[in-house]
Structures are given as C-alpha cells and as structure tokens.
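Engineer: Next come the chains, spelled out residue by residue.
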Amino acid sequence: MSDATVPNPTPGPAPMQSSAVGAGSARLPEVIRRFGRESAYLLVGFPIALAAFVLIVTGLSVGAGLLVTVIGLPILTATIFVARGFAHLERVQVAGVLGREFPSVHYHRPAPDAGWFRRMVTPLGDPQSWLDVLHALVGFVTATVGWSFVLTWWAGALAGLSFPAWGWAVPNGGGAEDLPELLGFGQSFAVKALFYVATGVVFALTLPLVVRAFSLLRTGLAQLLLLSRAETQQQVDELVVGRRAARSAEASALQRLERDIHDGPQQRLVRLSMDLGRAQKQAGPDNPQLQGTLDAALRQTKDTLEELRALSRGIAPPVLTDRGLRAALEELAARSIVPIDVDIDLPAGRLPHHVETAVYFVVSEALTNVAKHSGATQCMMTVHLVGEEVRVRVSDDGLGGAHLSKGHGLVGLHDRVRAADGVLNVRSPDGGPTVVEAEVPCGS
Amino acid sequence: MRIVIADDSLLLREGLQLLLTEVGHEVVAAVGDGPSFVEAVLTQRPDVALVDVRMPPSHSDEGLRAAVSVRAEWPEAKVMVLSQYVEVSYADELLGTGSGGVGYLLKDRVSAIDEFLDSVERVAAGGTVLDPQVVSQLMVRRRGDDPVSTLTPRETEVLGLMAEGRSNASIAQALVVSDGAVEKHTQRIFAKLGLPPDEGQHRRVLAVLAYLRT
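Residue numbers (my numbering), protein chains in the order written: chain W, 76 to 519; chain E, 6 to 219.
Any given hint could turn out to be false.
Claimed, not checked - With beta-carbon atoms standing in for the labels, derived distance ranges: (1) E:H64 <-> W:V316: 25 to 31 Å; (2) W:A494 <-> E:R193: 50 to 56 Å; (3) W:G295 <-> E:H64: 34 to 40 Å; (4) W:V316 <-> E:S41: 18 to 24 Å; (5) W:S327 <-> E:P40: 24 to 30 Å; (6) W:S323 <-> E:A186: 37 to 43 Å; (7) W:I419 <-> E:S172: 31 to 37 Å; (8) W:N500 <-> E:S183: 34 to 40 Å; (9) E:G37 <-> W:D416: 40 to 46 Å; (10) W:A385 <-> E:R159: 56 to 62 Å; (11) W:D370 <-> E:D97: 23 to 29 Å; (12) E:R193 <-> W:A371: 39 to 45 Å; (13) W:G317 <-> E:E31: 56 to 62 Å.
What the hints assert, rightly or not - Distance condition first, Cα-Cα at most 30 Å in a straight line; then the derived DSS-like pairs of lysine-lysine: (14) W:K377 <-> E:K112; (15) W:K356 <-> W:K377; (16) W:K447 <-> E:K112; (17) W:K447 <-> W:K377; (18) W:K356 <-> E:K197.
Derived from the structure by calculation, the hints contain no laboratory data. Yeah, the Cβ is synthetic: ideal placement off N, Cα and C, and Gly gets one too.
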C-alpha cells in the first residue's frame with residue numbers, strides 16, 4: 076500500500092495534522108494511521124482484557140479446585156486454550172499496531188499417537204501456556220488503566236474542541252456549576268466556550284503522548300510475555316541454520332582443496348617419480364654416479380609425495396570422503412606403527428559429515444600422539460555408535476603425560492570436538508596409561 | 006604384453022604408457038573413464054589391464070566398478086586396480102570376481118618400477134597381487150586371543166607376504182632365505198591356523214584372506 080492512495084483515516088484530529096505538516100507531508104498519513112491504530116488498540120483493550128480475565132481466572136479456579144476429580148483436568152486444559160486464544164488475538168493486534176512481523180509461536184504438541192491424558196497434559200507443560208495466562212492477568216491491569224486514560228483524553232479533546240457547537244444547547248441549571256465561573260472568569264457563553272476550547276486544545280495536544288505511552292506499555296508487556304520466547308527460539312533456529320551452512324561450506328572448501336592437491340601437484344610428483352624411475356632404467360647399471368643421483372632424486376620425490384599426502388589427509392582425507400568413517404578408521408589403524416586392536420561398531424550408512432570428520436581426527440590425532448610420545452607397545456581403538464552418539468576411545472600402555480595444554484595436537488582437537496557439540500576427555504597420568512575419549516552427538 | 010590403461014589424468018596415462026612401452030610392452034588403448042575402459046578391454050582383449058579407481062563420471066570408485074563389470078563379461082580378464090588409498094572392501098570385491106588374475110595396488114607403488122612391473126606380470130600370469138597395506142589392514146583387525154598371535158615374527162612376515170599373493174619363491178627372494186625355509190614356514194602357518202594345505206596360488210591367497218577376516 077502506498078501512502079498516497081490511503082484515504083485519510085478515522086478520527087484524525089486537526090491539531091495533529093497541523094503539527095505534523097512541518098515534518099514533511101509525505102510522512103503525514105503514516106503518523107496519523109499509527110495514531111489511529113494505537114487508539115483503537117487501547118480503546119478495545121479493556122473489554123477484551125476483561126473477558127479474558129474473567130474467563131481465565133474462573134477457569135483456573137474451577138479447574139484447580141476440581142483437580143482431585145476427573146473433571147478438573149479438562150477444565151484446566153480448556154482454560155489454557157482460552158488463554159492461548161486471547162494471547163493470539165493480542166499478538167495479532169500488537170503486530171498490527173507496530174506494523175512488523177513477529178516469528179510465529181510454536182506450542183508443544185503431543186505426539187500423534189499420544190493418548191487422551193498426554194493430550195490433556197501437554198499444553199499444561201508448555202511454559203508459553205503459563206506466560207499466556209500471566210499476560211491475561213497482568214495485561215488486564217495495563218489494559219484497564221490504558222483504556223481509562225485514553226478514553227478520558229479522547230473525550231476531553233473532542234468535547235472541549237466542539238463545545239461551541241453544542242454548549243449553547245445545554246441548559247444552564249443556575250448556580251456556580253461551571254469551572255470558569257468558579258474561577259471567576261464570568262459566566263458569558265463566550266468565556267465558557269473559550270475556556271472549554273482551550274481545555275480541548277490541551278487534551279488534543281497531549282493525546283498523542285498519552286496514546287503513545289500506553290500503547291508502548293501494552294505492546295511492551297505483550298512482547299515480553301507473548302513474543303520474546305518465540306523470538307529467542309527464532310534466533311536459535313537461525314544460528315543452527317547458520318552453523319549448518321558454515322559447516323557444509325567449510326567441508327566442501329576443504330574437499331575442493333584436497334581434490335586440487337590430488338589433481339595438481341600430487342599427480343605431477345607421481346609422474347616425476349615414474350620418469351625418474353625410467354631414467355634410472357635408461358641410464359643402465361654401468362654409471363653408478365648417475366644411478367646414485369637418480370636414486371636420491373627419486374627418494375626426495377617419494378618423501379615429498381608422502382608429505383603431501385599426509386598434508387591432504389589432514390585437510391580432508393579422501394578415503395573418508397569417498398568411503399566413510401569405517402574405511403577411514405581402518406586405514407588409520409593399518410598405518411599405526413604401534414600394534415593396535417580395533418573394535419568398530421558403526422551402522423552401514425554414512426553419519427553426518429561433521430561427526431565423521433570429528434571422530435576421524437580424534438582417532439588420527441590420538442594415534443599420532445601414541446606413535447610420537449607415548450612409547451607404548453600396544454594400543455586399542457574403540458569406536459561405537461551408542462544411541463545417537465558416537466563414542467570414541469583410544470588407549471595405550473605408554474608413559475602417559477599427554478595433556479590438553481601441552482601442544483600435542485590435542486588442543487586443536489578439543490576445539491574440533493566442541494564445534495561438533497561433543498566432549499573430549501584426556502586421561503594421562505605420568506607413568507601412563509593414556510586414554511583419549513570423545514563423545515560426539517549425531518543430531519544437528 | 007598387450008596392455009590397456011585407464012586413468013583420468015593425461016599426465017599419469019602418458020607416464021604409464023612410456024614406462025610400459027620402454028620395457029617392451031604394447032599399450033593398445035589408453036582411456037580416461039570407466040565406460041571407455043570396459044569397452045576398450047572387451048574389444049582389445051589385452052593380456053592385462055590397469056585401471057585407476059577414482060575416475061569420471063562418479064569420481065569415487067568408477068575404476069573398480071569398471072573392473073568388476075569387465076570380469077563379469079570376460080572372466081579371464083586380468084585386471085590390476087590402482088588406488089590412491091587402501092580400502093579393504095575394494096580388494097574384497099575384486100577377489101570375489103573369480104579365480105586369479107587380479108591385483109590391487111596403491112598408486113605410489115608405480116614409482117618402484119621393477120617391483121611394479123613384476124606385479125603387473127604376476128597378474129597377467131593369473132596371479133593375485135595385493136598391496137602390503139591391504140594385508141596390514143587385515144592384520145590389525147585381529148584381537149589378542151587368536152592363533153595369529155601364536156605365530157613367530159618370521160611366520161607373521163611370511164603370512165603377510167602370502168596374503169599379498171606371492172609365491173614361495175617370491176617370498177624366499179624377499180626375505181633372502183632358501184625356498185625350503187619358506188616351505189617349512191608355510192607348512193607350520195597352515196598347521197597353526199588350521200587351513201587346508203597349500204593348493205593353487207590364488208586359492209592360497211583366498212584361504213589366507215578368508216582366515217584373516219573372520
């Protein structure tokens with residue numbers, strides 16, 4: 076809706092118009108429209124709040140009183156639904172008054188297969204239900220006060236300003252009953268009219284402030300009790316979505332990097348080692364010096380290739396990307412220098428990507444630690460899916476002394492596991508043994 | 006020998022081609038994806054075919070799928086699969102396609118030219134070649150209480166080499182011992198593990214692998 080096409084709304088008083096003209100005529104209709112909305116909101120507030128208050132207080136008292144009998148529970152539940160209805164009405168009004176969208180409120184729902192008792196009790200267990208009830212009680216007070224003031228101000232403004240039009244028709248019952256007369260301004264109609272119009276002007280000028288103040292009070296209360304939980308929930312939902320997007324962006328960036336390394340330098344090095352091997356064959360056995368040089372070059376190439384491979388395993392292990400967690404863990408175990416016992420119990424399908432990655436790196440880092448620092452002669456890897464959670468345990472019979480703060484690569488691991496909502500626990504007393512444990516949930 | 010090679014990288018395809026032709030083999034086809042590999046092998050009927058696992062269009066296990074379907078069409082095909090990493094289930098699938106003439110090697114092995122060429126020849130001759138890493142991956146699945154742990158270190162070594170698909174002569178060469186010594190080791194291993202006595206080479210590999218994975 077564009078402002079220009081909107082007809083001048085309902086009872087827009089003249090003073091408002093003249094005061095707003097200076098602010099720019101383009102914005103004038105919106106200011107007036109909002110004033111109209113707020114006035115209407117406050118004026119219908121009291122009857123609605125009264126109905127809500129009466130129904131809900133009655134329902135709660137009766138329901139709670141009869142709770143020992145069977146009938147109390149359905150009455151309570153019905154009352155909750157009445158409160159929800161009024162809360163919904165209030166939310167719609169607040170959204171209209173403030174002219175903005177609010178996230179929709181999601182109440183707890185009973186499971187589709189729930190019995191009647193569950194269905195009765197679920198609404199009672201929802202905190203938002205009780206906030207709705209609370210709003211009906213507290214909101215009754217603010218709605219009543221707001222309604223009284225706004226009604227008085229509107230009446231004062233309208234009656235005062237229009238006094239000259241009807242004041243003459245009011246029979247003057249004799250005696251000092253008018254305020255201007257009491258104040259000693261005399262009793263001519265002109266004086267009375269002037270006085271009442273002046274009063275009307277004062278009411279009219281302050282009316283926008285009064286409307287604004289009570290509108291803020293009531294919408295504020297509604298936002299606090301009826302909308303803040305939904306808004307928080309929406310923020311949480313947005314963060315969850317954002318984090319999921321960040322995770323998948325990170326994962327695909329890393330996989331692309333790994334693919335680039337594989338398709339680029341890694342292939343060139345493999346080719347280089349093939350060519351060096353061929354050169355060795357071409358040189359023949361009767362040139363030991365050349366053979367020695369080629370040998371050294373070939374060894375360098377192989378070492379570089381191995382380092383590069385280790386690097387890309389640290390970025391995004393291709394076996395994990397292509398074949399999943401079990402294959403990747405078995406490959407890790409096969410590379411372990413220290414003899415290792417493996418016990419893997421995972422479902423056949425794939426787990427969420429960030430879970431697989433976290434678990435893989437826990438095991439990888441723990442086994443690196445075993446190989447480099449522990450002096451162990453035997454280690455053990457256990458990876459089980461228990462319920463909705465992957466439990467990882469890597470233990471060895473080594474010297475212990477591994478610590479999260481010691482820069483054994485375990486610190487970065489801690490963050491990695493935390494990022495997947497998991498817990499990492501390292502027990503490694505001096506003298507051993509070392510146990511690295513992690514629990515990573517599979518839900519988002 | 007007449008050889009078909011498949012690798013999606015032109016660089017490596019050329020490298021392999023040069024390597025093989027220089028030692029006197031003939032590369033009859035060099036292709037870059039799974040479907041053309043299957044077609045090339047079935048029309049050319051080479052003595053041996055080399056195929057990379059990760060190829061288009063799927064970029065995951067295309068080469069393996071291709072090798073399996075080649076062997077389904079033509080069971081006598083000799084196929085060597087080259088992979089960037091070890092995945093035991095790849096080896097499983099390959100060994101499950103029939104008797105002998107299959108190999109599964111890590112790509113790195115190519116740079117040790119003589120050993121690589123030797124492996125290719127063994128596969129072409131109907132042998133079975135498994136990468137040492139596949140074997141060690143099978144070995145680590147063992148728990149502490151099984152008969153493999155009763156093997157002496159030398160016997161464990163021999164078991165590993167048997168699983169890689171080597172003949173007794175080849176094992177003797179690798180360990181620098183006499184054929185007779187290897188023969189004695191293998192007999193003792195078979196006895197300790199309760200395996201049927203030595204038969205054909207491929208069956209021996211299968212028996213050892215079957216044992217290792219129970």
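Engineer: Decide, hint by hint, whether the structure agrees.
Structural biologist: Hint by hint, here is what the structure shows:
no. : hint                          : result
1   : E:H64 <-> W:V316: 25 to 31 Å  : holds (29 Å)
2   : W:A494 <-> E:R193: 50 to 56 Å : holds (52 Å)
3   : W:G295 <-> E:H64: 34 to 40 Å  : violated (58 Å)
4   : W:V316 <-> E:S41: 18 to 24 Å  : violated (43 Å)
5   : W:S327 <-> E:P40: 24 to 30 Å  : holds (27 Å)
6   : W:S323 <-> E:A186: 37 to 43 Å : violated (57 Å)
7   : W:I419 <-> E:S172: 31 to 37 Å : holds (33 Å)
8   : W:N500 <-> E:S183: 34 to 40 Å : violated (53 Å)
9   : E:G37 <-> W:D416: 40 to 46 Å  : holds (42 Å)
10  : W:A385 <-> E:R159: 56 to 62 Å : violated (31 Å)
11  : W:D370 <-> E:D97: 23 to 29 Å  : violated (36 Å)
12  : E:R193 <-> W:A371: 39 to 45 Å : holds (41 Å)
13  : W:G317 <-> E:E31: 56 to 62 Å  : holds (58 Å)
14  : W:K377 <-> E:K112             : holds (12 Å)
15  : W:K356 <-> W:K377             : holds (17 Å)
16  : W:K447 <-> E:K112             : holds (27 Å)
17  : W:K447 <-> W:K377             : holds (22 Å)
18  : W:K356 <-> E:K197             : violated (43 Å)
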